[in-house]
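Student: The listed protein sequences correspond, in order, to chains A and B.
Take 1 as the starting number for the first sequence in the working numbering and just add one per residue.
Take 1 as the starting number for the second sequence in the working numbering and just add one per residue.
Not one of these hints is a red herring.
Examples of chain B residues toward chain A, derived with CB under 10 Å:
(1) V23
(2) A282
(3) A285
Worth flagging that the hints you see were computed from the coordinates, not collected in a lab.
Only a predicted model underlies this, so the values are computations on that prediction, with no experimental measurement involved.
Note that CB positions come from ideal geometry on N, CA and C, so glycine has one too.
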Amino acid sequence: MTDRNPAIDTDSGNWTLAIRRWLERRLPLDSLLPHRMPYYVGSWVYVFGVVAIAGLIWIVASGVVLAFFGPQWWHISSVGRFVNSIHFWSVQVFFIFMVLHLWGQYFMASWRDGRAPTWMIGVVIFAVSVGTAFTGYLSQQNFDAQWIAVNAKDATNAAGVGAFFNVLNFGQMYGLHVMIFPILVTTLVALHVIQVRIRGVVKPIDPAGSAGGAGEASK
Amino acid sequence: MSGAASSQDRYYAGIRMVRYDLVKELVIALVVTALLVLVAAAAFSSPDDPSVTIQTWAQSDPVDFVTTAVSELSGQSETAGYGQPYNNTPDAAQAIGPIQPAVWAGVSTPINPAQDFVLKPLTLASTGNPTLTAALQAYDQAGATQQGAWLDAYTKALANATASDGQVTVASGDYGPVPTLMSNLLAVARTGGLDGLLLDSGHFFQTDFTRPLLFMGDGSYLSNLAAAQHLTGDQWGMMNETGSYPGQTWLWLYTFWYQVPPFSTAPNADLVVVILMVVLTALLALVPFIPILRDIPRWLPVHRLIWRRYYRS
Numbered sequence: 001m002t003d004r005n006p007a008i009d010t011d012s013g014n015w016t017l018a019i020r021r022w023l024e025r026r027l028p029l030d031s032l033l034p035h036r037m038p039y040y041v042g043s044w045v046y047v048f049g050v051v052a053i054a055g056l057i058w059i060v061a062s063g064v065v066l067a068f069f070g071p072q073w074w075h076i077s078s079v080g081r082f083v084n085s086i087h088f089w090s091v092q093v094f095f096i097f098m099v100l101h102l103w104g105q106y107f108m109a110s111w112r113d114g115r116a117p118t119w120m121i122g123v124v125i126f127a128v129s130v131g132t133a134f135t136g137y138l139s140q141q142n143f144d145a146q147w148i149a150v151n152a153k154d155a156t157n158a159a160g161v162g163a164f165f166n167v168l169n170f171g172q173m174y175g176l177h178v179m180i181f182p183i184l185v186t187t188l189v190a191l192h193v194i195q196v197r198i199r200g201v202v203k204p205i206d207p208a209g210s211a212g213g214a215g216e217a218s219k
Numbered sequence: 001m002s003g004a005a006s007s008q009d010r011y012y013a014g015i016r017m018v019r020y021d022l023v024k025e026l027v028i029a030l031v032v033t034a035l036l037v038l039v040a041a042a043a044f045s046s047p048d049d050p051s052v053t054i055q056t057w058a059q060s061d062p063v064d065f066v067t068t069a070v071s072e073l074s075g076q077s078e079t080a081g082y083g084q085p086y087n088n089t090p091d092a093a094q095a096i097g098p099i100q101p102a103v104w105a106g107v108s109t110p111i112n113p114a115q116d117f118v119l120k121p122l123t124l125a126s127t128g129n130p131t132l133t134a135a136l137q138a139y140d141q142a143g144a145t146q147q148g149a150w151l152d153a154y155t156k157a158l159a160n161a162t163a164s165d166g167q168v169t170v171a172s173g174d175y176g177p178v179p180t181l182m183s184n185l186l187a188v189a190r191t192g193g194l195d196g197l198l199l200d201s202g203h204f205f206q207t208d209f210t211r212p213l214l215f216m217g218d219g220s221y222l223s224n225l226a227a228a229q230h231l232t233g234d235q236w237g238m239m240n241e242t243g244s245y246p247g248q249t250w251l252w253l254y255t256f257w258y259q260v261p262p263f264s265t266a267p268n269a270d271l272v273v274v275i276l277m278v279v280l281t282a283l284l285a286l287v288p289f290i291p292i293l294r295d296i297p298r299w300l301p302v303h304r305l306i307w308r309r310y311y312r313s
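Assemble the whole structure, with the sequences as input and the hints as a guide.
Tutor: Next up, the structure:
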């Protein structure tokens, strides 16, 4: 049976159809998963962001294992210690390459041609990642966690944040670290990647000289 | 053609496109980082210096433990005079003129150090201990002036205290029931009982370590251990880790301000540095809209190195 009613596809009041069409228009698979790039995309700088994402994937994977067995497991199990070590070094990789990515994009002035929101979300990802790592260090349940909590409370309290973000409260820090912050970081990273893919990589800086501003028109 | 794809076609018009495999790049990155991380994990493991307990503190440095406990009882400890969010000590919270976020946020975690760290735990531990019960009653029935006199005299005597066999000994003097209170608190702490008593909240499950951490933080034992590991604020502590491991190196700029004047000597350094870092982070996010900052990449030749293939052509 192919007795399809054409009016269905032109139903302007259908929210589902409107969202689907908006997604099809804004997020075409050709843009999300391109198989061709401009020829100038040939520097290692373009790899930094991908390596940071790879680091994030290993952080989440090892973090899921650590969360599954509980916060004390890695202190009493050699396997747990190894998984924690994977988590620890993945965090280092993630931050090293995220910072390299950030500096690389700065020197490429990657916010040009309408890409300022992409840059701004990237900075937010960095800030949220710092918070995620901070709550991770507070969740270690060792001497370092104790000292960081005692030391850091003065800054959070002075800023008035300590009233609802108590670094001495392990339960709160652990919950934020294994649930809220990972959701925030991964969601923002996904949004950041979609932003990059929607607009594509920015062109090289015009040798003729341009202000490099956020709203600079494409040449 | 759909919107985003067609706008990219327009943007890249006239530019040669070459084959590129993003998914393969991600898979290779995953494999390489996995190898890197596995090798680092196997070779270097990860830092895990055991946590300090009230018990280890009382056993390792009983004089510091008792000195701290007396300061809690006399209201002279850091926590007692901290201000918000623990108590309403006037003018204690950091401020920049009229900007005083801690005061605005108020007391969210009320702490009475004398009661919470000393008297309540001792009361709970006094069952079956008539000597301690009598000492608690004597202390409670004495006036504030008398309590202050005992605590002041005992605090001075602790400067020359000695410790042996789990006992802290001071020169003879009129300290009232204070030595009895302190010797019992020390004894409970050395058995590990105080670790549990400080967590008592009326609930079976407990995940909030505010009280024991504040109590330990008021003493010198924890900070001395931290100083030995280069973790204190004036040692770039927030970005360091125990042992030789990398810590939160991404906090280098935040930590940097604490090392230099006027921040290193300012009584409100925490508030000033936090506000400064919020402003700097906002500036970083707004770089695309800030002249000079957004022009630097064009002035520096780094982009010519990154896109050397483009500029050669």
